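Fit chain B to the given chain A structure using the hints.
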Amino acid sequence: MKNQLPIARHLGLVACSSCHLLNRRSKTTANCPRCGARLHSRKPNSIARAWALVIAAAVFYIPANVLPITHTTSLGAVQSDTIMSGVIYFIQTGSWPVALVIFVASVFVPLLKLLILVFLLLSVQRRWQWRPVDRTRLYRLTEVIGRWSMLDIYVVTILVALVHLGALATIEAGPGAIFFAAVVVVTMLAAEAFDPRLIWDNMENTNDHID
Amino acid sequence: MKHAHLIACHECDLVHQLGAIPQGGAARCSRCGATLYRPKTDSLNRTLALALAGLILYIIANTYPFLGFQIGAQIRETTLATGIYQLYQQEMNTIATLVLITVVIVPAVHLLCMLYILLPLNQNVVPHHLAGVLRLVIFLKPWGMMEVFLLGILVSVVKLVKMATIIPGVALYAFLALIFVLAAMMVTLDEHVVWEKLEPTP
Numbered sequence: 001m002k003n004q005l006p007i008a009r010h011l012g013l014v015a016c017s018s019c020h021l022l023n024r025r026s027k028t029t030a031n032c033p034r035c036g037a038r039l040h041s042r043k044p045n046s047i048a049r050a051w052a053l054v055i056a057a058a059v060f061y062i063p064a065n066v067l068p069i070t071h072t073t074s075l076g077a078v079q080s081d082t083i084m085s086g087v088i089y090f091i092q093t094g095s096w097p098v099a100l101v102i103f104v105a106s107v108f109v110p111l112l113k114l115l116i117l118v119f120l121l122l123s124v125q126r127r128w129q130w131r132p133v134d135r136t137r138l139y140r141l142t143e144v145i146g147r148w149s150m151l152d153i154y155v156v157t158i159l160v161a162l163v164h165l166g167a168l169a170t171i172e173a174g175p176g177a178i179f180f181a182a183v184v185v186v187t188m189l190a191a192e193a194f195d196p197r198l199i200w201d202n203m204e205n206t207n208d209h210i211d
Numbered sequence: 212m213k214h215a216h217l218i219a220c221h222e223c224d225l226v227h228q229l230g231a232i233p234q235g236g237a238a239r240c241s242r243c244g245a246t247l248y249r250p251k252t253d254s255l256n257r258t259l260a261l262a263l264a265g266l267i268l269y270i271i272a273n274t275y276p277f278l279g280f281q282i283g284a285q286i287r288e289t290t291l292a293t294g295i296y297q298l299y300q301q302e303m304n305t306i307a308t309l310v311l312i313t314v315v316i317v318p319a320v321h322l323l324c325m326l327y328i329l330l331p332l333n334q335n336v337v338p339h340h341l342a343g344v345l346r347l348v349i350f351l352k353p354w355g356m357m358e359v360f361l362l363g364i365l366v367s368v369v370k371l372v373k374m375a376t377i378i379p380g381v382a383l384y385a386f387l388a389l390i391f392v393l394a395a396m397m398v399t400l401d402e403h404v405v406w407e408k409l410e411p412t413p
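Taken in order, these protein sequences are the chains called A and B.
Residue 70 in the numbering used here sits at position 70 of the first sequence; the count goes up by one each step and never skips.
Counting the second sequence from 1 gives a position; the numbering used here is that position plus 211.
To be clear, the hints were calculated from the coordinates, so they are not data collected in a lab.
Note that the structure is predicted; figures quoted are calculated from it, not measured.
Glycine included, every Cβ here is placed at the ideal spot set by N, Cα and C.
Keep in mind that a hint or two might mislead.
Distance windows between CB atoms, simulated [to be verified]:
no., chain 1, residue 1, chain 2, residue 2, range
1, B, Leu326, A, Pro175, 38 to 48 Å
2, B, Ile232, A, Lys27, 30 to 40 Å
3, A, Val59, B, Thr246, 26 to 36 Å
4, A, Pro175, B, Leu347, 30 to 40 Å
5, B, Gly343, A, Lys27, 16 to 26 Å
6, B, Gly343, A, Pro175, 30 to 40 Å
7, A, Lys27, B, Ala231, 33 to 43 Å
8, A, Trp128, B, Gly244, 14 to 24 Å
9, B, Lys251, A, Ser74, 50 to 60 Å
10, A, Gly76, B, His339, 57 to 67 Å
11, A, Trp128, B, Thr274, 47 to 57 Å
12, B, Ile270, A, Pro175, 28 to 38 Å
13, B, Gln228, A, Trp96, 51 to 61 Å
14, A, Ser74, B, Val337, 56 to 66 Å
Computed list of lysine to aspartate or glutamate pairs in DMTMM-like fashion (alpha-carbon distance at most 25 Å, straight line) [to be verified]:
no., chain 1, residue 1, chain 2, residue 2
15, B, Lys352, B, Asp253
16, B, Lys352, A, Glu143
17, B, Lys251, B, Asp401
18, A, Lys43, A, Glu143
19, A, Lys43, B, Glu402
20, A, Lys27, B, Glu410
21, B, Lys373, A, Asp81
22, B, Lys408, B, Asp253
23, B, Lys352, B, Glu407
24, A, Lys43, A, Asp134
25, B, Lys352, B, Glu402
26, B, Lys251, A, Glu143
27, B, Lys352, A, Glu192
Over the 10 Å line for every Cβ pair with chain A, so calculated as not near, a few chain B residues [claimed, not checked]:
no., residue
28, Ala231
29, Pro233
30, Ala260
31, Ala264
32, Val336
33, Val337
34, Val381
35, Leu387
36, Ala394
37, Asp401
The following block holds chain A by itself, in its conformation from the complex:
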């Protein structure tokens, strides 16, 4: 495949990541002359950093779902709830739309995000040519949906604030909440570490090094 498209990297240009100014790529000017941000043709160590963060998030995902995120003390009795037991509680009380929202935000979205990132990383490393536009869309999706997983952390925060009535009823955060927060933050960092331009670099049959 003969490459005819004007790619900044091939033209010896580098776009500033914060102000988008196109600069000539050179060994001496490492910072954007307009806004001062460091210039990188591609995000540095994108694949290695994204893999590390994805693997860390996958490890945290297990205790996040197994350990309790809240302990409810009511009239002396303590009840511990995990994310799934919260979902089941809402289904049993008939609030299935809320159950669905929590399930999607807390269980489905983090898992989906991890799977998409693993798929994208493999596709870049194996130089797959499959549907680059759709893969770029998948990347955009991971950037947009990740934040909504914070939902359960906020629910815990609000419950802890409101239900604080001494012996009558008190809710405390459990260890699962810490792991869950870690999953959300680490997957957000992983999506940020991944560089979607790598998807397109493979479409041009070039073997230039990534810096």
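Showing chain B alone in chain A's frame:
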């Protein structure tokens, strides 16, 4: 500026030449479909107005009663910071800090940065460290999560409504309005107009 009208797609690195973009239109990458540039009408004035409104709403949202919780004769009134304080009390420092950053600190820094940038620009003065402050705003953007917190409030209310009466406070309404104002502020800001202020005038 030789390359002033050239722009490289931030998602696939294809270089485009930007022509005139019609009112309300946007330039999209011809290869991957990413939005390259979307010019905004009267961007800096509108963003400044929203930032000022946001600051007032932010102060109300963080000082007035947020939610009340009533079982029988017992009433517990909370502010936005109560949950964060309780989490620190329970030694859940990581979560408390994360909530503090995403719901309290990031929106405040965002609003103050916008005012720091836009108030002087409104008087045709370029503020010191403009580039650094705007880069901070761009960096912080994904970490402000007030709209997710709002969904958290809805879920909590559904969870508690059977065991107690929930009393919405003034701060809750201010918080609700603030989410829309902050979202509008991000939409109206045309970053390129601000970056161009850093270029030497010909």
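Fill in: Broken hints, by number
none
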